[in-house]
Structures are given as structure tokens and as C-alpha cells.
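Asks: Take the sequences, apply the hints, and build the full model.
Chains as they are written, first to last, in the working numbering: chain A, 237 to 416; chain B, 15 to 432; chain C, 756 to 1100; chain D, 8 to 550.
Among the hints, a few may not be true.
Calculated lysine to aspartate or glutamate pairs in the DMTMM-like style (CA-CA distance at most 25 Å, straight line) [to be verified]:
hint, chain 1, residue 1, chain 2, residue 2
1, D, Lys135, D, Glu201
2, A, Lys311, B, Asp292
3, D, Lys324, D, Glu298
4, B, Lys255, B, Asp199
5, B, Lys17, A, Glu280
6, C, Lys833, B, Asp206
7, A, Lys311, B, Asp296
8, C, Lys991, C, Asp834
9, C, Lys882, B, Glu70
10, C, Lys1046, D, Glu454
11, D, Lys121, D, Asp54
12, B, Lys373, A, Glu280
13, C, Lys882, B, Glu169
14, D, Lys242, D, Glu351
15, C, Lys833, C, Asp790
16, C, Lys882, B, Asp206
17, D, Lys178, D, Asp339
18, B, Lys17, A, Glu384
19, C, Lys884, B, Asp326
20, C, Lys964, C, Asp1089
21, C, Lys1046, C, Glu951
22, C, Lys884, B, Asp58
23, C, Lys882, B, Asp212
24, D, Lys231, D, Glu385
25, D, Lys324, D, Asp339
Just so you know, these hints were derived from the structure itself, not from any lab.
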Amino acid sequence: MVTAAEMLSVAAFLEGRHAQAFPSFGSERTGAPVVAFCRIADREIRLREPILEPDCLIVQDPTLFKAVDVFAGLKSDGYLLVNTNRSFVDLHIDQIARRLPAGHAVAVPATELALKHVGRPVPNAALLGAFAALGELVHFASVQQAIEKTFPGKIGAANVAAASEAYEIVMAQERAAAAV
Amino acid sequence: MLKQIEGSKAMAEAIALCRPEVICAYPITPQTHIVEGLGELVKDGHLTDCEYINVESEFAALSVAIGASAAGARAYTATASQGLLYMAEAVYNASGLGLPIVMTLGNRAIGAPINIWNDHSDAMSMRDAGWIQLFAETNQEAVDLHIQAFKLAEELSMPVMVCVDGFILTHAMERIDVPEQPQVDAWLPPYDPVQVLDPAEPISIGAMVGPEAFTEVRFLQHYKQTQALRLITDYARDFEKAFGRESGGLLRAYRVDDADVLVVAMGSVCGTIKDVIDEMRDEGIAIGLVTIVSYRPFPTDELRKMLAGAQDVVVVEKSIAVGVGGPLANNVDMALRNLPDAPRLHSAVAGLGGRPITKPSLHRLFRQASVQPWEGTHFLDLNERIVGREIHTTRKKRRSGPTAENLLRRLATEGDAR
Amino acid sequence: MSEARETLAPGEAVQRLKFYQKGTFTVGNRLVGEDERSVQASQDRSNALTCGHRACQGCGEALGARYAIDAAMRATGKDMIAVNATGCLEVFTTPYPETSWQLPWVHSLFGNAAAVATGVAAAMRVKNKRTRVVAQGGDGGTTDIGFQCLSGMFERNDDVLYICYDNEGYMNTGVQRSSATPPAARTATTPAVGDEPGNVFGTGKSVPKIAVAHNIPYVATATVADLHDLERKVTKAMSVHGARYIQINVPCPLGWGAASHDTIHLARLAVECGLYPIFEAEHGRITHVRKIRKQVPVTDYLKRQRRFAHLFKGDRPDPRVARLQAMCDANIADYGLVAGADEEV
Amino acid sequence: MTQNHPFAITLDVGTSLVNHTGSWRTVRPEYVHRLPPCNHACPAGEDIQGWLAHAEGGDYEAAWRALVQNNPLPAVMGRVCYHPCEGACNRAQIDSAVGINSVERFLGDLAIEKGWRFDAPPAPSGKKALIVGAGPSGLSAAYHLARLGHAVTIREAGPLPGGMMRFGIPKYRLPREILDAEVQRICALGVTIEYNSKVSNIRDAMRDGGFDAAFLAVGAHIAKRAYIPAAGAAKVLDAVQVLRSMEGEDKPLLGRRVVVYGGGNTAIDVARTARRLGAEEAVIVYRRTREKMPAHDFEVEEALEEGVLMKWLSTIKNVDGGSITVEKMALDDKGFPQPTGEYETLEADSVILALGQDVDLSLLEGVEGLNVRDGVVEVGPNMMTGATGIFAGGDMVPSERTVTVAVGHGKKAARHIDAWLRGQTYAPAPKHEIASFDKLNAWYYGEAPKTVRPTLEVARRTSSFDEVVKGLDESNALYEARRCLSCGNCFECDNCYGVCPDNSVVKLGPGKGFEFNYDFCKGCGVCASECPCGAIVMTQEAI
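Replies: Encoded structure:
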């Protein structure tokens, strides 16, 4: 998750913007719930408080819904991206999703895509690919570059492939939402 | 070169650019990424002519640096919190021996209760140890301060502690301009020690000094720090000329012109405060910020001049001198002493043990200072209910034992603390 | 040795001269070449620790330090730096404005001499200098407060020779117990009162053995009573690189309650009774043991020291003397301190 | 102080030299000389430790020259001296005494081999001294007087020099060429020996010869007799006679079975001589036990090795032709032998009496002031008899009768004669305290057992007069010399220099010893404790 926030900040940086990525600070142990933040702006970011009211929320592990209120603070016109191959209804978050503007809540099977392209359950790149499609805060090309910088060589290419497919999936959903 | 890079990594690169000859590493959160970064740079051959030593404790880390520095090598180490306390004896020793060691402090609270998150208690514990203490507001400044630190240390034969907020800066990935090697080489000359262990010219370093000369030794140490006040300013100016950006110096003013309220703070919280000030200025409130970069030596005169015209001074600091209040506030108070029509001083302790300092809280605090000033030390975002209950209980039932545990017990039983 | 009683062939006799002539055990020997004499016999020895220091009369540590550092100075061609832990040695040699040292020397803290030495060695390595580093301290600064840094230095195999001047207590602060204080010894913190007066049995540690367990290139114990052995060991230690440890038994007239002129005599008795085994080890294995030359009962050693006087107060023999003798006997058995019939002493 | 150094914390090296810790001292060490027990025990007054010190350094000529300062006969002495020095030697308490005697012999033999000469005498004093008797005492006195610049004449009654060294000691113990060489070296100093020149009246001889002083050393050459009833063709001889005749052309005929009566060294000598002359059986009859025998044990041992038989606790009652009657004795409570009435008969072709010797005092007849008691002449502490200008020594004065004592008398008398001739009084330097074993720190001496001198195989000893005890070769001699502990005298072992915790001993360089730097010496006393040879004492500082 920290990697995702960092890659996102790199993507923004590559576009000449200011970005600040930082983890929720703690002594994380493998598997424990983790939150990471990313601020993107067109001027220097001075603010050092954690993001309490995000514009976008990316949920990497929907099983956490039961343990943590991850939606607290999500702005009413915010974006929600969930890593899942199930429906929002199945996840019992369809109500939350419905409160957001159309096309702002998207599900993408990022882990599945990672397993398909990378061979391991590492959904970060796929989620970022999906995120590039969502709200168009960063361009996919920047995300691709950021992924390639973080993972050089074949693994990078595999991650880009996962991201690319996720991007397409979300773009399809966006187009569908727009069509409605 | 501009990079999107983690603060610790950028610091590691900047420290490497300073060509340290001996680096002592002992892991402690949140300093680890810096020494890890340096270790990689040494191992992968980016940083040559450097001994990277994995020591067995912070006490050893600074001790190894002491030995290396006394033997004429540019020495560096990093620590935080308990680690700084564990090396406390060596901290005093390094300055007493006049050794220009540079150490990064990834600021972190001190236990018990054990806490790995950011505040300034660790730096405060060593504020009288004879080191220069510089606080970085941003990761860019953290990078730049390290470069200045080596030059300052070596010019003054005095160790320098670069204080960087743990996690908030050390673990943040952001846009940082990491200088190029030729730039740093041109600005920072090689280490030329004034005293060195050399068989060709043997000396004894570390004599025992009795009452007949100890006062003089301490006077000279103090005098040297006052000299440092000028040098820190000069070097910041030189640095700006060479690198094209303002970094370091004794203190920095932000929108202080005609300000009725002046906030004084150190470290990364200044960024958040600036945003708050912008918003308040937009609302027409005459408020500004003075950022203390050099906590030791403390820029008393410069600060006094800056604060002279204000009506209210609010000190926001991430430390508490238990039983007294905020140590920074105490120092600011010293600067205001004997000032005719001195502004009112309001002391606030915030962000202890990593509690976020949020804009809403700061808004409230700054407004309150002028309209509803408080007595003594204000603890920002204190859970009054919990402490009230705890005080009440202990009054009723005299019970020794750790307050922290009692609090935790209460938190557990009462659910969400806020 | 029995063959010496027979008529010798001339050539054989000449060979023996070096060994048997008088003065074999003395500091010098005018009959052998300069290069075969001890460092301390030389008119141009370094006197790295020179006159005017403020050690007590008959200080074993002052003596041991000069022995060791002078030997190291010869071995390194005076290209060396010393690091000193806090303690008697530091206090009596460097009270402002005078220092007794005649080599580059640094004192930092009580417990960090090994780490400071690591730093000095690192500086030398990074600067491509051949200058060698010796760290030194008392037993308190070594076996107690400095132990962690010492172990770290060992474990990293840093290029440092650490010399511990073992006077079996905190003498600088007024004779308190350390982990090197022998059982039954009276100190200020183990007074000779109560059911078990003096230091209790079954406590303390052997840092030389612990050093051996670090598998470092060289470990040795030595004594001011055997200069030749001591100088040989320091010289040998300086001929190798990596972490090295030498622990030298240095009697303290003040702390032991002994006559100032008895310093070397006591050190000798400590070895000859078996209480202080003298050995050396390389890379984790004991390679040499200094045999007892003239074995004495431990009482010969104990009776000359007031710190053990309480053992001899009563009418009946104190059973703890036998326990101390048993410790000697165990050392003798464990280290093979008494030469067999076929071994040369 | 280099300007840049941090004040007070960093110091320039060696600055503690301004701190004179000598003021702490309440006792101070001082270098002393103590008298080595060997020197103290030497009847000839040799500085044994002194010459051994030269020898152990390999400078044998210096050693020999130091030796002959006191004794001109080292090669002789190295053979015949009973070496009381070794009996006193401290080394015996470590392993065994230093073989001083054998090193002395080595030096003496080497001097002969190399042809080393005595230093030439100083300018003549113009005084003349007469010495009567060319035995060890006379030769010694002549040597010393000559070296003091006096003109010396020896008058010897016999045909050859040496006295009892020639006529009392068998060749197998003292080869004659050795004796001759050392006598010749004395003569080369300008000493005149007149042989076959018996002085019958000393005062006449002095007056006639214009001598300013005389030293009498006529020895004791008259054998004591005991009354033993003898019958038939019993052949009863005395030991002096037998040994003397060994020096002539005709060797004595003693027969197949020889009985020697007596228990001294002469008895042993004569019995061993008898074996060499072909006696199948040589029996020593002595009235007490072996332990009580005056003869030296090593000589008894050598005799036994050569097959000499011993008959302890026996007296000869009578001699009858080819046999003798012996009465067994028993020791009483006080250790005296008492007759038992038990008798035994031994076969004997000859009986040799070795019961001691008397002095021929005829030359002193008519000399005034003399005191003669028990057959010997009494002398004062300055060796002068009751008669002015007449000194005496050796076997003719009351003392132990050994060659070494005689040589010592000669030296002592010569010094007093010299002073007397110059109108002065000779006062020997006061003796130092003896360096007894408790003054040493014996730890520092390595174990080094004494070298046993090679001895001739027994088979050859009974068939020839070849020297029984051989000398040491150089390496052995060096080894033996180096066993010396140098008791009471610094041998530059560097211990004090090394063991001082305050570097307060200054080493002055080879041969120059050490001195204390009292500016820094704190008086701990380690130097004195660790001095191997007891050459440092601690004395109270005046308060």
C-alpha cells in the first residue's frame, strides 16, 4: 500500500506536480492493516497532517471494512476504488458507493490481475492503473513510468500489463457510467 | 537534481555527497531508512573511501564516531529517541572533546510508555549537551542542513545534530532537490581537524580537568556556541548563493509584517502552521510565523527583534519539560525578557508521541491566544475527559503506579478516546 | 632438565647457555644481543607512560601499562594510537595541565574504549594509514561497563588490540567490587562482615574465556610478574590484525591491602598458586599455557593481602581458603598449569 | 601548547615531567654492594664474584687478571683448593653451588696456554724482602711484594719450588708442569729463588743480605710419628717421605699390600699413590668413622672408586713382619673412639703413617720476642711475629693447613710488610654486610645444575699418574661462570630499570650501572624487592 502511494506520488512528480506520499506511521507487521496517503498539488505542499478527508480512497483489502471505518472522512464528491472481484452489494458497501457521484465508485479485481500478469498477489500497480482511469488525476503514461521506475525489467513490464488491463477495465466502467 | 524521493533516502544521498569517512549505524525507528540508504550507497560503491560500521548500540555508534573524528575522519551517525538517551554520555563527550561529528536525529518521543512516533522530547533531552541543534522544516531543508552541518561542525570543532521529524519527514516521499557532487565538493572543503591523533605529532585528548579550569572550559564552550550564531547565518547565506535556495539559518520569518500574533515553532509543523496562517490572513487576522531553525545555539537576540512588535506570541512545540512546561516556550520567554511592552506569551504543547497537529486545532489555538488567553501550558487536543477522570480517581484512591497504564485501561473500557 | 647433570658435548652446552645463564627471568641480560633483550631493558624504550604520573606507590597498572604500550610501540615502530577508558590509569596520567603519555592518546568515557578504538581504526583504514590502535582500561571498564562495546569490537573483528589491566576491582572510586573481583576478597561493597564476609563465591566472569568464545585471532592473559611473556604476547598481538585481547594481572597495593614493594611478588604468587592462569588462544583455541614454575599454596598469596585477612582471623582454618585452593587446583587441572615430567617449564 | 588545541582538554605529551613525585617518598632506594659469601669464605681473599663476572661475559683474560689480583696461582688453586667458596655459595640453596674451582682452573690453564703475563711492577721501592720457603705462602708473598715494587728473594731449602704443592700433593692431582708454569710467571716479575738454600738463622740471613723485612713460610715437613711396636722386617714409612720420594728418580717400593694409617687428605693421597705404584691392596686404617674423617669427602669417594679399602674404627696395635694387628674401636657417647679389645690381623707389605706434620723452627733459634706454641709461631693480626720485621705464614703459623690458606697468608703478609716498609699501617677496607641468601630474590635465577667435571676412567687412574680430574672446556666454563648469582653486587640485569612503575631508574649504559632519579622516585621499593642479587636497600628519608 505504501508502495502504491509512493508510485502515485512519482507519477504526479513526473507530470511536474508536487506530491507528498507518506505512510500511516507505525510499526507495521506483515498483514496488519496499513494506511498510506498521497497529496498531489500544483504548488509546494506544506501541510503535514494526515489526510483525514480524502478526495480519493483506494481500498486494497475490502476485508478490512469489518475492522476499520475506512470511509470516515471521504468527501461526498470523492472517489472510491476497491480491489475486489465481487460487487459492492456483495461487500455491503453499495450504499456508500451510491452516495458518491456516478462513476466515482469503481471496483477492480487488482489482485486477480496481478496474479495473472505478475504471478504474485501484488495489486498496487493494477490499482494505480485503475486510479489513472478514475477521475483522471494522473495520466496513465505517468503511472506506467512510475511503475517502471519502481520495478525495473520484466517485473516492471508485468506490472505495467496488470495496470494497463485495470486501466481498461475502469475506463470501460467509466464509459458505461457516462453512458447512463 | 529534482527527485520524488523519500526524505530518509534524500538525506542519505546528501550525507553521502558530504563524503563522510566513517558511518556508524545502529537501527532505531524512525532513523533506520537513513542509515540503510547510506549502507547501500557504501556497498554498491557510490560512496567510496568510507567505513560503514554496524555497531552494537547507539552508545557504541557515537563512541565509534568519536574515535574516528578524533583520528581525523569525517564521522557521521544517526539515531532517535531512546537511542539518543542511550548514547547520552557520549553526546556530552563528543562536544566536550570538540569533535565535529554530524548526527541526524529522527525526532521521536521518549518512553515510557514506549512510543515510536514523532515529537521533540529526544532533542530536548540533549539541548544542553553542547551540540548545535538544527531543526529541519522540510525534507529539502533536512538535505541542505546536513551539508551545512558538516561545514559548521568542522569550522567550530563542535558536533551538530540535525533534527528531522520522525515519519513526518523521514518517511515522506516528496519532491526534493538533491545537489550534485561537484556542487557539494565546491562548497564543503575536506575535513582539516584542529586536533588529531597522529603519531607524528602526539597529543593527549581528553584530560581530566579540575575546579581550577573547568569553569573556563565551559565558558569557552558557551562562547564558541555564541560564535556559531554568526557562522550559522553566514553559512546559510553562502549556501543560498551556491545552491540557489534558502535553507537553514538561525530562524525564518513568515508573514510577520505587521503581525499582531506571532507563532513560534520548530520542524515540520511549521508547514501546517503556514497553511493555517495563510487562511487566517485571508480572514484578515494579522498573524505570522517565526520558525526556529537553530535551537542550539538559541538565537535570543534575533528572536527578540522579530517578536518585539507583536501583541501575542504563541509557542507551539512538540515537547514537554515535565513540571515546567514547554522548553521552547521557556527559551522564547528568555528572549522576551526585559523587552519593553513585551508581547504576551502563550505556550502550547502539541503533537506529543505522534498525535497529528491538524489545521482545525491550530486555527482554534491561534484564535484563542488573542481572545481567550490561557494560563501556563496548553496541551493541544488534550482529551480532557480522560485526564479529568484519572485525576479524580487518583485523588479519591491514592494509588501509585503508572498513569499510562491506568489511562490505557480507561481507554479500553470507554472505547474511543475522542 | 635431567640431562644437564650429565657431561655435555661442547656444542650442546653452548646451546643451553641462553636458557640457563643467570638472569633468564630478569628484565635484561647483558650477555645476550640487544635484539634479544626485553623492550624494558632498552635504554631507548619509549617510556610511553613517563614519569610524573600520579599513580600510587608500587602501582601495578602503571607498570603494566608501560610494559604493554612500550612493547606495542616497539612492535609498531611507534606508529600507534592509544584509546583509554576512564579509570585509575586515565586519572593518574592526564590531570590537566599535565599528561604522562608520549604517544597519541584519547580518553572518551568509562564504557566505550573499545568502540572509540574501533572508530580510530576505521579512520586509519579509510585514510590508508598503517597506524595501529590499542585500547586499554581497567577491569571495571572492560569486564563490566565496557563489556558490550568490547564484545561488539570482538564480534566485528575490528583491528584493535584491547588491553585490560586487571586489578580486580574499582580502585579509582575507592575499591569496590567488579566482576573480576575474586571470591572472599574484601572490597568497599563486599565488606568483610556477616555470614559470608567479602565477595561471594560463585560469581564473576572470565572475560579472556569469553573473548576466546568470540573466535577472535588472539587472546592472552599476562602478568606484570613475567615481563618476557607479556612483551612476547603484546608483540605477537601486534603482528596480527583483527580483534585481539590481552588481560594483564596488575596488583593494586591500595585495593589489595598490600605493601607497595610487593606488587610484582604478588602477581607472581597469583600465577604460581594457579589462581590466575596465564595462557593464550588463537581463533578460539587455546594454544599455549604458561606453566607454573614453583607451585605455592594459595595461602602464600592470600596472606600477603589485607583484603583476605578475614580468612585468617579465627582460631580454626576458614573453609573458604580450601575453596580458593580448589579454584587453583581446578585451574591447574583445566589449563594443565603444572608441567609433566616430559615438559619443559 | 599548540594554539589550536582545545583548552585544557587536549594536552601536549610528556608534560607530567614538571610534576616531581619524588616528594611523595618516605623511604629511598640506594644501590649497595654486599659481600658475596664465596668471597667471604675464600682463604685467599679472592674477589670470586668479581672475576666470575668477567668470565661470564666471555672476557677470560680480564677474569684471570682480576683473579690474580689476589692469587697468583689459579691453575694450581683450580686443582688443589678445597674450595670453601663453593661450600658458602648461595646457589647451593637453589640447585647446587657454582663450580667456582673449575672455572678458576679453566682460567689458570688458559692463562698458561695463552702465555698471559702479570702486569709489570711499578717503580722499585728500594726495599728488599727476604722470603724463606718457596711454598704457596712464600710464592704468594713474593708475588704481591714484587707487584708492590719491592725486591724479593726467596730462599728455598729444597731443590725445586712449590713446597708441599710439589712434595705433598701427588701428580695426578697437580701436574708439575702446571706448578712450574705458575711459579715461572712469578719469577718473571723479578723474584729471585735460591734453591737448596736453607736459612739456618734468620737474623743473620737478613743482615747479611741487607733485607729490610723477612717473611717466613717454611711449612711443616716433619712427619709426626706414633709409637707402634714393630718387629721383624716390618716396613714402616711416613707419608711425607713417600710422597716426597715420588718427586725423585727412585720411586718407593711399597709392596703388594699397603696399609695407610690416618684419616686426613694425606692418607688418601698416599693410598691412591700406592695403588698407582702397583699395590694390589691399599687399606686405610682410621680410628674413627668416615663421617669424622678430616679428608674431603670427594677425595674419599675418588679413592674408593680406585679400589682403596677403608677400615673404619680401627687402630694399629703392632706391626709384625708381613702383617699388622688392628684393634676395633667403638664410639662412646661423646663420639670419641674407645678400644673394644677385639683384634684383627691384616697382611701388609708396608705401613705408611699419615698422622700429620710438624714445623722445623730451627732457623728462629735465638730470635728475640718470638712466641712459639704447639710447635707453631704465633703472629699478630698483621702476620708479624713477635720479632720486628719478621713476618710468618702458611703451615708454620696457627691455622688450617691448606694451600689456599697459605696463599692468603702470603697476600696478607705482603700487604702488611709493604705498609711496614713504608712506615705505614695497612688497614683493609671495611667489609660489606654479607649477601646472605635471604637478601636475594632467587626467583630470577633460572634452574642450572652444576656441570660435573669430566673424570678419567677408573681403569686408567689406577695405572697412571695422569690427572684424574679434567678441566672444563670453554663452553662448560662459561656455563658454570654464568651460574653465579652475583650475590650482593649489581650485574646489570636491568630489573630495577624495568620494574620501576615511575620510570625513576636511569640506565647509564653497559658497565656503568644505574642511578635513581629521586625527582620522581616515590619510594615504593619494588626495585629493592625485585633485585635478584640484593644490591638495593631501602633507607628512611630524613623527615
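Asks: Confirm or reject each hint.
Replies: Results of checking the hints against the structure:
Distance restraint check for Lys135 (chain D) and Glu201 (chain D): the Cα-Cα separation of roughly 15 Å lies within the 25 Å cut-off, and the hinted pair is therefore satisfied. Annotation: proposed proximity of Lys311 (chain A) to Asp292 (chain B) holds, straight-line Cα distance about 23 Å (limit 25 Å). The straight-line distance between the Cα atoms of Lys324 (chain D) and Glu298 (chain D) is roughly 23 Å, inside the 25 Å bound, and the hint therefore holds. Between the alpha carbons of Lys255 (chain B) and Asp199 (chain B) the distance comes to roughly 15 Å, so the proposed pair stays at or under 25 Å and holds.
Annotation: proposed proximity of Lys17 (chain B) to Glu280 (chain A) holds, straight-line Cα distance about 14 Å (limit 25 Å). Under the criterion of a C-alpha separation no larger than 25 Å, the hint pairing Lys833 (chain C) with Asp206 (chain B) is consistent with the structure, at around 23 Å. Between Lys311 (chain A) and Asp296 (chain B) the alpha-carbon distance is near 24 Å, which keeps this suggested pair within the 25 Å criterion. Distance restraint check for Lys991 (chain C) and Asp834 (chain C): the Cα-Cα separation of roughly 16 Å lies within the 25 Å cut-off, and the hinted pair is therefore satisfied.
Annotation: proposed proximity of Lys882 (chain C) to Glu70 (chain B) holds, straight-line Cα distance about 24 Å (limit 25 Å). For a cut-off of 25 Å, the pair hint linking Lys1046 (chain C) to Glu454 (chain D) stands: about 15 Å separates their Cα positions. Note on Lys121 (chain D) and Asp54 (chain D): the hinted pairing holds, with a Cα-Cα distance of about 23 Å set against a maximum of 25 Å. Restraint check for Lys373 (chain B) and Glu280 (chain A): the C-alpha separation of about 17 Å stays at or below 25 Å, so the hint holds.
With a C-alpha separation of about 21 Å, the suggested pair Lys882 (chain C) and Glu169 (chain B) falls inside the 25 Å cut-off, and the hint holds. Taking the CA atoms of Lys242 (chain D) and Glu351 (chain D), the gap is near 19 Å; set against the 25 Å cutoff, the hint holds. Straight-line distance between C-alpha atoms of Lys833 (chain C) and Asp790 (chain C) comes to about 17 Å, which keeps the hinted pair within the 25 Å bound. A threshold of 25 Å between alpha carbons decides the hint, and for Lys882 (chain C) with Asp206 (chain B) the separation of about 13 Å falls inside it, so the pair holds.
Between Lys178 (chain D) and Asp339 (chain D) the alpha-carbon distance is near 39 Å, which puts this suggested pair outside the 25 Å criterion. At most 25 Å may separate the alpha-carbon atoms for a hinted pair to count; Lys17 (chain B) and Glu384 (chain A) meet this at roughly 15 Å. Proximity of Lys884 (chain C) to Asp326 (chain B) is assessed by CA-CA distance (about 59 Å); at most 25 Å being required, the pair is judged violated. As the CA atoms of Lys964 (chain C) and Asp1089 (chain C) are separated by approximately 12 Å, the hinted pair is consistent with the 25 Å bound.
The straight-line distance between the Cα atoms of Lys1046 (chain C) and Glu951 (chain C) is roughly 33 Å, outside the 25 Å bound, and the hint therefore fails. A threshold of 25 Å between alpha carbons decides the hint, and for Lys884 (chain C) with Asp58 (chain B) the separation of about 24 Å falls inside it, so the pair holds. Annotation: proposed proximity of Lys882 (chain C) to Asp212 (chain B) holds, straight-line Cα distance about 12 Å (limit 25 Å). A hinted pair counts as satisfied when its Cα atoms are at most 25 Å apart, and Lys231 (chain D) with Glu385 (chain D) qualifies at roughly 20 Å.
Under the criterion of a C-alpha separation no larger than 25 Å, the hint pairing Lys324 (chain D) with Asp339 (chain D) is consistent with the structure, at around 20 Å.
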